[in-house]
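Novice: Using the hints, put the two chains back together into the complex; each one sits in its own frame.
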Amino acid sequence: MPSFKEIKEGLFSYEEVDSGYVVRVKDAHDLLEAAKKVRDAGINRFDTFAPFPIHGMSEAMGLKRSWLPFITLIGGITGFTANISYIGYITLIDWPIIYGGKGFFNFPSMFPLFFEIMILFASLSTVGGFMALSGMGSINRKPPISEATSDGFAIWIGDAMPESEVKKILGSLAMEIRSVN
Amino acid sequence: MNTFKLPQKMMTILVGFIGIGVLSMSVSFLLDVQRGWAGMLAFAWYLTIMGLAGGFWAATQYVTQAKWSVVVRRIPENTVHVLLVAFAFLAVVATLGLGNLYEWSHADIVAHDLILQKKAGYLNTPFFWVRIVIYFAAWYGIGMCFLKLSKSQDESKDPHVSHQLLKSGIVYLTFFAFSFALAVTDFLMSLEPHWFTALYPMYNFAGMATTGISTMIILILLIKKYGGLKAIGPDHMHDMGKYLFAFNTFWAYTVFAMSMLTWFANLPEETYFFEKRFTGDWAYFTLSLWLGHFLVPFFYLISRDTKRSETHLMNAAWITAFMGFVDVIWMVYGAFIDDTAKVAHAETAAHAEHAVHAAPHVGHFIHGFPFGFLEIGLFLGAIGVFGFIVLRAFEKGNQVPEGDPGLQESLDFHQPL
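Going down the list, the sequences are from chains A and B. For the first sequence, the numbering used here gives the first residue as 1, with consecutive numbering after it. For the second sequence, the numbering used here gives the first residue as 182, with consecutive numbering after it.
Check before you lean on any hint, since a few could be wrong.
Have a look at the derived ranges for each label pair, beta carbon to beta carbon [unchecked claim]:
id: 1; chain 1: A; residue 1: Phe-107; chain 2: B; residue 2: Ala-301; range: 37 to 43 Å
id: 2; chain 1: A; residue 1: Pro-112; chain 2: B; residue 2: Leu-212; range: 41 to 47 Å
id: 3; chain 1: B; residue 1: Phe-480; chain 2: A; residue 2: Trp-95; range: 30 to 36 Å
id: 4; chain 1: A; residue 1: Phe-52; chain 2: B; residue 2: Ala-358; range: 36 to 42 Å
Examples of chain A residues toward chain B, derived with CB under 8 Å [what the hints assert, rightly or not]:
id: 5; residue: Asp-40
id: 6; residue: His-55
id: 7; residue: Gly-56
id: 8; residue: Ser-58
id: 9; residue: Leu-63
id: 10; residue: Arg-65
id: 11; residue: Pro-108
id: 12; residue: Ser-109
id: 13; residue: Phe-111
Only pairs whose alpha carbons sit at most 30 Å apart, straight line, appear in this in silico DSSO-like list of lysine-lysine [unchecked claim]:
id: 14; chain 1: B; residue 1: Lys-332; chain 2: B; residue 2: Lys-411
id: 15; chain 1: A; residue 1: Lys-64; chain 2: B; residue 2: Lys-300
id: 16; chain 1: B; residue 1: Lys-405; chain 2: A; residue 2: Lys-64
id: 17; chain 1: A; residue 1: Lys-26; chain 2: B; residue 2: Lys-248
id: 18; chain 1: B; residue 1: Lys-577; chain 2: B; residue 2: Lys-332
id: 19; chain 1: B; residue 1: Lys-411; chain 2: A; residue 2: Lys-36
Read the hints as simulated data drawn from the structure, not as lab findings. In this text, a Cβ means the ideal position worked out from N, Cα and C, and glycines have one as well.
If we strip away everything but chain B, and leave its shape as in the complex, we get (with noise of 0.2 Å):
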């Protein structure tokens, strides 16, 4: 066995972002217990991304059969681990803080709403629940076979695993394109129930495989650090900081899309999500949302030498991975903005109407820039559960799959000049 172990240093530093993230969120809680249950969805939705951006990834690299990439492939298989805690997280918002949070949850709102009443036959509570627990059930057991599969080729060496892994990994591909885009309906975009938009699950996809390649290349390089993972070099860090690039300019894209067909087709029932984020303080944080995801990183990333060195990698990434929980603040908190003057006035104009479904019933208590110390101390604690879970299956089991067949070909890549 070839073992890794971090340094009790740097797992006392995780342990400390736990119990930073532990403070931040029991201080929301005791200031306002709305803001408490949407920054503890946040966090949560957040640490389901960088769970499943994992199993994602070494799923496209079994189905596509890529060999550079076999000696990264255990920290993105371990990352399935994270997804127990996110979906304890997650069944507590959807349980306890229900009601808080989705306005569809109440059957006194629906009571009195059309929309609402022609979409309860998806958005009911115990459907929800249902569906939760289906997506978990499915993306832990099928995360957990891919890893076990790769550990039992460590001692048996055998290549038929290899096949075995292609064939699963497709099933899971195909599972997770619906099951993603469906668990990014319920858990945000539903917040906002009557508005809608095709292109939400693309862009959550983006931003989950940005968020889960940067902090898989954090996790890497920390390890390297700290003299493990020695069978990956700069040719395999590069390709990671390609990846990184690619998904982060996909993101833009996305973002792109999404905003200028709302802003072009002009329909009041769609234009409300983004005019209440271009209002007030909320057009700074916009605006500082895309730029610091997509320009900042995009320049940083786009020389050779930057993807290539390990310190400059590591910054973009922890960019990246920060502006990941900003873009999910952005998603999950935009839906409770106060904008109760507004809607008041709007209800006396023409379109009442839609100013009607404009309105959040559960809650507008997010004023002003919403992004403080607590949402930092949020990102800090899921950073660490993150770390620290990964970190700790890490250690049990082989730095790299050593029973691939693809391993050498992978300890041998070398990219063209």
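So here's chain A without its partners, still in its complex pose (with noise of 0.2 Å):
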């Protein structure tokens, strides 16, 4: 029998902060200002951290926009279609019985049925999608830094280089680089 927690390491994958280096900056602003030059540098595995979410980060750090739209949508379309041929087919093929005198296959009076089964669907493929996309798993990963979950701002970068490289790219805005092993 696993432990629950490797069940939980074995549902979610994540990135670990592994390697390079770990730079802490002053503000939010300057970590803004740092996820640019680090994207602009051509460098691949990097993330911030900071304590509160901040307006820009993602098309600073080069972020695609999320597929999560989409899944929702396609939840919605195979909610409602998968309803529709579920009542059709009790309706019209099962057991086919006249209530209200309205005929076998009532759409107006199904429609709400339907709306509602396509909501379902597509919240919950949103929850999951979410919780696909973004790795809800590694909540429980360790922040570099443990100021960075009071009042400190702190940019990791993955690849492998000289520290001066690191010093090159983000200039006067590193206030201290602390290299991970």
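Specialist: This is the structure in structure tokens:
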């Protein structure tokens, strides 16, 4: 019987801060600038750490737009069509019965049902898709500097390079460069 | 003062639209007086909802103290001027055209109609006039009060003005909820005074909001195209697009709610409203309204990129604005569908009493498909009047509320990726 921790680690994979450098910067504004510089230098493995969400960070880090809206759309369409086929199968093929004097397949009266199931599928697929895309399991990830949970800002550069290179990229933004083993 | 002036060319085009509107209205009066009155009512009501939506939308922004919308606010605030023209036209309809449109205004018809006698305490001509004056005095008065307060803030930079706007916004929204529901009942629902549903005001509210947002978007994008309103970026237009999308979907929701409940209950007093709109050419008209007002803009606007693109947002706004007018025509002209043959047939049948109620006494002059070149001309005329008046008023003041405490936050507004 595997332990709970093992199951959790098996379910989610995430990038651990295991190499390169962790660089502290002064504030959120400097972190944005640092992220832009690191992205422009062509470094792929990097991440930023801050105690709060920062506006414009996605653009500064060059993150692509999330696929989440498409997952929602596909979930919604799937729910709608699946429910239409299900109700259609019941009321037309499996057990046709007239109630309310409206005929076999009551599209208008069933429409609220289609609508609700569509929303249910769309929202559940959004939740699932969000968990999968964001790597929800990595919430137990340790911040590379403990101040990132209170008042510290840091950027992690994962690529192997000499420390002078990091200094050259970040310039005066770097307050403290720490090497990760 | 940071003002903006639209090029004379665009103003000439808008005046041309007004000319087309005047021409269409005159021609429809010459061809058929009753159809002329119905067209004038649709035209005036369309102007009313465009003028009301601005005040309503601005009030929601004051009350929620939304900051992103500060730079967008001047166009909605200025739409209140349109209410004067709308009132002028509706006053003509309510005096000279009353007998041609509203059967409850005829004493001889009411004398033979028990239902109309019971409703006469509310549906009578003097009280109708009093109500119209109260609605428009309050809507115009509070709307002008918004505009004046908001403009006074430009010079004084006094943050207390925002609090005054919040308070008057609460008053406006409370009054608006009741007065709009009653006005819809008065002008449109009482065209068919035997018919009833409680969802009609909600349906009209959704249509009003959709039409209003789309015409605001048209004007804002037009001004942006000619170099004005530089403070408004794709992030603000994205939110306006979301408003349009949301209210358009809400419109479809209300249409479905109204129609489905009537269909389910299947009461003859209620169903004739939809039955005559699903007979003959009107079936195509109704279906094209539902598809064109809901499905086409829904799938057009569902993507983020469409809402952020000025061209696509403009297209979608034109579609919904046009469909808003088709919706008004659907409600007004539907009351006068020529169904004499069917009524004569039904009178011999068992449900004679219902058939008599269903028969419009004032006239059934709508034969076949109701939407033609004259109606398109009326739509262009309404857009011309709206654009001309609102843009002229907009040119007199600052483009953005410069004294609003939320201005900087609005300029920095940013949509998350």
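Novice: The structure should be examined with respect to each hint, and the outcome stated for every one.
Specialist: Okay, the hints, checked on the actual structure:
no.	hint	in the structure
1	A:Phe-107 <-> B:Ala-301: 37 to 43 Å	holds, 40 Å
2	A:Pro-112 <-> B:Leu-212: 41 to 47 Å	holds, 44 Å
3	B:Phe-480 <-> A:Trp-95: 30 to 36 Å	holds, 34 Å
4	A:Phe-52 <-> B:Ala-358: 36 to 42 Å	holds, 39 Å
5	Asp-40	violated, 18 Å
6	His-55	holds, 5 Å
7	Gly-56	holds, 6 Å
8	Ser-58	holds, 4 Å
9	Leu-63	holds, 7 Å
10	Arg-65	holds, 6 Å
11	Pro-108	holds, 5 Å
12	Ser-109	holds, 6 Å
13	Phe-111	holds, 7 Å
14	B:Lys-332 <-> B:Lys-411	holds, 19 Å
15	A:Lys-64 <-> B:Lys-300	violated, 62 Å
16	B:Lys-405 <-> A:Lys-64	holds, 29 Å
17	A:Lys-26 <-> B:Lys-248	holds, 29 Å
18	B:Lys-577 <-> B:Lys-332	holds, 11 Å
19	B:Lys-411 <-> A:Lys-36	holds, 26 Å
Consistency note: the structure conflicts with the earlier hints numbered 5 and 15.
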